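Novice: Below are the chains, spelled out letter by letter.
There are 4 protein chains.
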Amino acid sequence: MYSFKNDYSEGAHPRILNALLETNMEQDEGYGEDRYSRKAIELIKGKIGTEDVDIHFISGGTQTNLIAISAFLRPHEAAIAVSSGHILGHETGAIEATGHKILSVVGENGKLSPSDLQGVLDGHPDEHMVKPKLVYISSSTEIGSIYSKSELQNLHDFCQRNQLILYMDGARLGSALCSEENDLQLSDLPNLVDAFYIGGTKNGALIGEALVICRDSLKEDFRYHIKQKGALLAKGRLLGIQFLELFRDNLFFELASHANKMAGRIREELVKSNITFLTHSPSNQIFPILPNAVISKLQNNYAFHIWEKVDSDSSAIRFVTSWATKEEEVTSLIEDLKRIL
Amino acid sequence: MYSFKNDYSEGAHPRILNALLETNMEQDEGYGEDRYSRKAIELIKGKIGTEDVDIHFISGGTQTNLIAISAFLRPHEAAIAVSSGHILGHETGAIEATGHKILSVVGENGKLSPSDLQGVLDGHPDEHMVKPKLVYISSSTEIGSIYSKSELQNLHDFCQRNQLILYMDGARLGSALCSEENDLQLSDLPNLVDAFYIGGTKNGALIGEALVICRDSLKEDFRYHIKQKGALLAKGRLLGIQFLELFRDNLFFELASHANKMAGRIREELVKSNITFLTHSPSNQIFPILPNAVISKLQNNYAFHIWEKVDSDSSAIRFVTSWATKEEEVTSLIEDLKRIL
Amino acid sequence: MYSFKNDYSEGAHPRILNALLETNMEQDEGYGEDRYSRKAIELIKGKIGTEDVDIHFISGGTQTNLIAISAFLRPHEAAIAVSSGHILGHETGAIEATGHKILSVVGENGKLSPSDLQGVLDGHPDEHMVKPKLVYISSSTEIGSIYSKSELQNLHDFCQRNQLILYMDGARLGSALCSEENDLQLSDLPNLVDAFYIGGTKNGALIGEALVICRDSLKEDFRYHIKQKGALLAKGRLLGIQFLELFRDNLFFELASHANKMAGRIREELVKSNITFLTHSPSNQIFPILPNAVISKLQNNYAFHIWEKVDSDSSAIRFVTSWATKEEEVTSLIEDLKRIL
Amino acid sequence: MYSFKNDYSEGAHPRILNALLETNMEQDEGYGEDRYSRKAIELIKGKIGTEDVDIHFISGGTQTNLIAISAFLRPHEAAIAVSSGHILGHETGAIEATGHKILSVVGENGKLSPSDLQGVLDGHPDEHMVKPKLVYISSSTEIGSIYSKSELQNLHDFCQRNQLILYMDGARLGSALCSEENDLQLSDLPNLVDAFYIGGTKNGALIGEALVICRDSLKEDFRYHIKQKGALLAKGRLLGIQFLELFRDNLFFELASHANKMAGRIREELVKSNITFLTHSPSNQIFPILPNAVISKLQNNYAFHIWEKVDSDSSAIRFVTSWATKEEEVTSLIEDLKRIL
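Residue numbers (our numbering), protein chains in the order written: chain F, 32 to 372; chain Y, 32 to 372; chain X, 32 to 372; chain L, 32 to 372.
Rather than coming from a laboratory, the hints here were simulated on the basis of the structure. Check each hint, because a few of them may be wrong.
Identical chains blur together in the list; that is why a pair holds if it fits in one copy or across any two.
[As the list claims (entries may be wrong)] Derived lysine to aspartate or glutamate pairs resembling EDC-like cross-links, with alpha carbons at most 16 Å apart: (1) K162 x D252; (2) K164 x E251; (3) K180 x D214; (4) K340 x D153; (5) K180 x D247; (6) K357 x E57; (7) K76 x E358; (8) K162 x E251; (9) K36 x E64; (10) K250 x E158; (11) K164 x E82; (12) K164 x D252; (13) K162 x D342.
All values derive from a computational prediction rather than experimental measurement.
From just these sequences and the hints, can you work out the full model?
Specialist: If you want it as structure tokens, here you go:
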């Protein structure tokens with residue numbers, strides 16, 4: 032039984048484990064002030080193309096989201112998210128637990144547009160309601176879509192005009208940036224968003240996300256917030272060493288490209304068989320709509336999520352590929368699909 | 032320059048890294064539901080001697096404290112801690128950030144007694160004040176002391192009589208249990224405290240603490256709290272594999288014993304030289320009071336914390352040893368002490 | 032310009048002010064422990080028909096909602112509300128500010144049904160999502176509708192079966208209970224809901240709501256929560272004296288009946304003119320849909336809210352009547368409507 | 032049995048009740064946007080001598096403190112208070128419930144000095160601890176002392192130099208400003224503190240405190256915070272009308288002067304009898320140390336708090352006088368003291 036359930040089923044890329052081994056017995060400072068973390072930050076700044084950002088390593092995505100959003104907002108301010116946004120339905124109310132409401136918007140294909148945001152602002156005119164302040168987006172999104180550069184530019188411009196903070200959840204940023212449909216560079220992001228994070232957990236690391244704060248006014252005292260939420264690891268080197276390895280060369284992008292390529296092969300085969308998809312997703316998650324009988328047969332050999340019922344005879348399922356997905360298992364899945372469909 | 036600053040200056044015990052390597056490419060469930068975590072939980076239950084506890088793996092100490100305490104308390108209830116307690120002054124208000132006041136008590140040698148607790152209860156008679164509800168203790172404590180079995184029994188009895196929750200921070204529980212002065216077994220704890228954690232980070236792991244919930248009424252829905260605070264790792268196996276290795280045999284205790292032994296050698300030498308100590312600490316942290324001139328000389332070769340000024344000529348410093356402390360470095364320190372003192 | 036904008040445009044019923052005057056210089060205990068508050072509680076228990084409830088006086092509706100809901104829930108638990116629910120969009124995120132998410136449901140005519148609740152439960156199966164726990168309803172609702180006894184019974188039964196807390200916001204409970212369509216008694220409520228409040232502010236008091244806690248497990252330590260949220264008035268007598276006067280005889284119900292009667296007269300006239308309504312609202316708020324030209328003319332003499340645009344030519348407006356609405360002003364409005372429509 | 036227990040045992044000054052009666056049936060806007068509140072704000076600005084402050088009316092002291100402090104601070108920032116400070120021990124953890132730690136300082140005679148603050152700053156150097164940010168003081172203090180102009184000036188200067196916010200709890204500000212030892216004007220305050228409140232509840236109002244925000248950066252969006260904490264009264268006129276009456280002429284100061292005068296008469300008599308006091312308190316609260324036998328006799332005719340045990344034979348008690356304290360009852364107490372002492 033091979034699993035296409037998610038992109039965190041294995042450990043870490045072997046180079047990362049080797050890096051941990053090699054540095055293991057060297058003594059260094061705690062709490063992220065070690066030389067590996069400092070070096071990793073410099074490397075990432077190089078890839079982003081600016082020194083004018085602050086970078087912090089945090090263990091996971093929910094933790095990064097809750098620390099960033101609660102640090103950026105005053106008590107009466109709210110986040111805006113598309114209805115499929117991870118913070119809305121899959122983080123156990125983590126944002127609300129820090130005191131902030133999330134305003135849900137329907138959006139389109141998992142993405143927000145300026146007109147969505149205008150609607151929220153129009154509906155929140157005064158102090159009897161929360162004040163919408165932070166726009167939460169993900170790329171790639173929870174349903175596999177990605178933001179184009181012009182879509183981001185439009186959101187950015189709207190946010191600037193309306194004093195909104197634009198924050199991007201990059202749990203799968205690697206996959207987005209390596210998508211065939213992508214026209215965005217990592218170095219574009221500081222000009223387009225106020226803060227974002229580069230996901231490690233779902234792209235080859237054991238744990239770890241790199242939060243990048245671009246807007247100066249959001250940088251102050253940020254380590255206090257990490258510590259207060261219990262996220263300042265004593266052995267912060269664990270995070271630094273991993274990101275050092277991911278960004279020492281192009282490993283981060285190679286891993287994401289592999290994941291996308293594997294999803295692409297499956298997608299291609301499904302398209303050939305005239306299978307349709309629930310969403311347009313040029314990344315490492317795809318959502319084909321399959322007859323329930325087909326799904327049952329596939330379940331004999333593969334693990335995956337049944338995403339939602341589409342009609343009485345068919346459902347959308349989710350296939351997720353990753354840096355660790357094996358070529359031969361994809362080939363095997365494709366063969367099986369050919370046979371079953 | 033060798034560091035005695037803390038017990039998290041190195042990576043992990045090599046056996047732990049090897050275990051990570053060996054299991055690395057096996058696919059498994061996320062969020063702590065993998066077979067390694069499940070197996071580790073069973074092993075620890077075996078060591079504790081009861082199936083009737085719930086065990087959760089969490090990344091670090093501050094995180095464990097804030098999740099446990101905020102899950103256990105209702106909004107108007109407060110924690111009680113000794114003034115040197117870690118949650119009071121070294122966690123950036125993490126507990127208060129979840130809404131709960133911590134009531135500070137002077138205590139003695141870093142420890143609380145029933146009469147300390149009685150004083151707090153007497154001072155909080157009605158709804159104009161918070162309701163004291165949870166007693167926070169550490170063992171070994173922040174200043175190296177340990178609770179004896181009878182001290183714990185007395186606290187336990189007092190807490191039972193007064194409907195208080197007794198919670199033990201075990202960041203350095205290994206060191207406490209392996210102290211020469213210890214008369215407590217790991218298997219005694221479920222009868223003495225309502226919840227405690229077994230610290231991994233400071234005893235050989237990369238990260239990880241094992242929270243053990245003993246009292247039934249505190250167990251319900253606990254994973255929701257872990258997730259809400261951003262602490263449910265996607266690759267929860269990272270924690271499970273480490274604890275599996277630590278408790279597969281006696282590694283956990285061997286590592287703590289080594290740390291204690293190293294501190295013991297330094298202590299012994301200092302005692303021989305008639306050096307006095309700030310606290311009575313039969314564990315892996317010792318606090319000798321040294322002339323400032325001696326401290327300056329030591330700083331040439333060793334890193335350590337200057338804990339507090341004692342008088343115009345001398346200060347207490349802190350030496351911390353760990354599983355990773357090298358025998359030869361301790362020998363070298365002892366030689367230097369002999370020479371300097 | 033006479034105002035039909037809301038039910039809090041005037042001060043208090045004259046009998047209430049007189050009661051404040053008469054008792055003014057008598058010394059009494061602070062913080063709601065005065066004889067007036069105690070007596071008022073006894074009177075209300077008499078009207079409710081049971082001694083087995085706890086009653087607390089709190090200044091306003093948002094305050095009552097946030098204190099009750101945050102006291103009743105554990106950190107990971109959420110409230111469920113219909114999308115027009117007051118706590119969702121008109122309390123500036125007060126509930127989220129205490130850490131709890133509110134799950135929004137479309138509902139029907141401002142009301143929730145068991146099938147709505149079942150849908151929420153189905154969508155929240157595990158610890159990656161909040162745990163739905165408290166059902167928030169209002170009667171009369173924010174759009175003027177009321178719950179029938181059987182509707183409440185069905186909700187109650189569903190909540191019992193699913194370990195949910197049923198909480199009723201009674202800011203306009205007087206109006207609901209005195210509606211011509213009502214089949215519910217105040218004394219039915221302890222058997223149907225776990226907690227509710229009797230609104231004073233919108234029914235003749237200067238300020239004040241009486242929170243009634245019916246379920247035993249929700250009663251403990253409740254005054255701590257009131258105090259912690261800043262709502263335990265030093266001169267709590269201010270609230271007690273008002274409720275004493277409202278419930279000394281039938282004043283509370285007489286005032287609500289007057290409000291309903293005034294709304295009824297306006298409704299009747301509109302129906303005669305074949306005007307339709309946005310909602311079915313047999314209480315003191317009505318939402319007629321009027322041509323924009325008519326609305327403009329009415330605005331010359333009357334203040335009211337334009338509730339929502341219906342089509343390019345017409346909008347729904349809201350008329351609210353109260354204990355203080357003058358008969359002659361209603362007559363005048365009716366005359367004007369006859370003339371304009 | 033006449034009560035000297037506190038300054039909120041009666042209702043409101045008769046002029047205030049009359050003002051409520053006279054305006055009762057006039058329709059006006061809700062939520063503090065009525066003409067009375069607006070007029071009261073203008074009057075108070077006149078007394079303060081500047082238009083450049085924002086004023087908000089809030090029901091009570093704990094509520095004002097928690098709204099102000101939580102609005103002014105970011106999540107990692109803490110308040111500093113003297114150990115007798117009201118927010119520390121008498122508000123049921125209201126500040127911590129909004130997420131902020133309060134750092135306790137011993138101080139002197141209920142007051143803080145720059146050297147106290149320096150000590151706190153020195154002890155909180157980095158992100159492992161909260162960041163001290165807001166200095167909470169009261170005048171008159173919880174033990175009856177008052178801040179002199181130069182003391183306040185020194186605190187102000189220290190706070191400016193160290194980017195601290197200086198906030199004054201003025202629950203008994205009237206009593207402080209009318210003390211014989213006072214050298215401060217209401218109009219001095221905007222130059223000395225960043226925010227303060229003028230207490231109405233303990234100086235003749237039914238309920239109500241007027242929060243005055245002096246520093247521009249603290250003013251933004253403040254009404255959102257009031258609403259979110261449930262403190263924006265629908266009938267906000269209730270607060271506005273009362274402050275309008277208190278500040279229409281000098282009523283506010285006359286009432287405070289009466290309270291002080293009554294306390295002064297009792298103090299004078301005790302001094303004559305060589306009674307000593309627990310604190311130096313030139314305001315409406317005094318804390319004489321009396322033999323327990325004397326206390327027992329006084330308890331036959333008077334209600335008051337026993338503040339603390341001083342030695343085996345004597346205790347400090349608290350006498351509080353107010354605007355409502357009757358001259359003849361003070362005379363009677365003095366006669367009784369003469370007889371008993």
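Novice: Taking the hints in turn, state whether each one holds.
Specialist: Structure-based check of all given hints:
1. Proximity of K162 and D252 under a CA criterion of 16 Å is satisfied inter-copy only: 9 Å between copies versus 23 Å inside one chain copy.
2. Taking the closest pair of Cα atoms, K164 and E251 come within 16 Å of each other only across two copies (14 Å); inside a single copy the shortest separation is 18 Å, beyond that limit.
3. Proximity of K180 to D214 under the C-alpha cut-off of 16 Å is restricted to the intra-copy arrangement: shortest distance 6 Å within a copy versus 60 Å between copies.
4. In this homomeric assembly, K340 and D153 come within 16 Å of each other (Cα to Cα) only across copies, at 14 Å, whereas the closest approach inside a single copy is 34 Å.
5. For the identical chains of this complex, K180 and D247 are neighbours neither inside a copy (22 Å) nor across copies (38 Å), given an alpha-carbon limit of 16 Å.
6. With identical chains, the CA atoms of K357 and E57 are at most 16 Å apart between copies only, with a shortest distance of 12 Å across copies and 34 Å within one.
7. For the identical chains of this complex, K76 and E358 are neighbours neither inside a copy (33 Å) nor across copies (40 Å), given an alpha-carbon limit of 16 Å.
8. In the homo-oligomer, the alpha carbons of K162 and E251 lie at most 16 Å apart only across protomers (12 Å), although the nearest pairing inside one protomer, at 22 Å, exceeds that limit.
9. Proximity of K36 to E64 under the C-alpha cut-off of 16 Å is restricted to the inter-copy arrangement: shortest distance 14 Å between copies versus 36 Å within a copy.
10. Within a single copy, K250 and E158 get their C-alpha atoms only as close as 27 Å, which misses the 16 Å cut-off; across copies the closest is 14 Å, which meets it.
11. In the homo-oligomer, the alpha carbons of K164 and E82 never lie at most 16 Å apart, since the shortest distance is 26 Å inside one protomer and 30 Å across protomers.
12. Proximity of K164 and D252 under a CA criterion of 16 Å is satisfied inter-copy only: 12 Å between copies versus 20 Å inside one chain copy.
13. For a Cα distance limit of 16 Å, the shortest separation of K162 from D342 qualifies neither inside one copy, at 39 Å, nor across copies, at 28 Å.
The structure fails to meet hints 5, 7, 11 and 13 from the earlier list, while all remaining hints are met.
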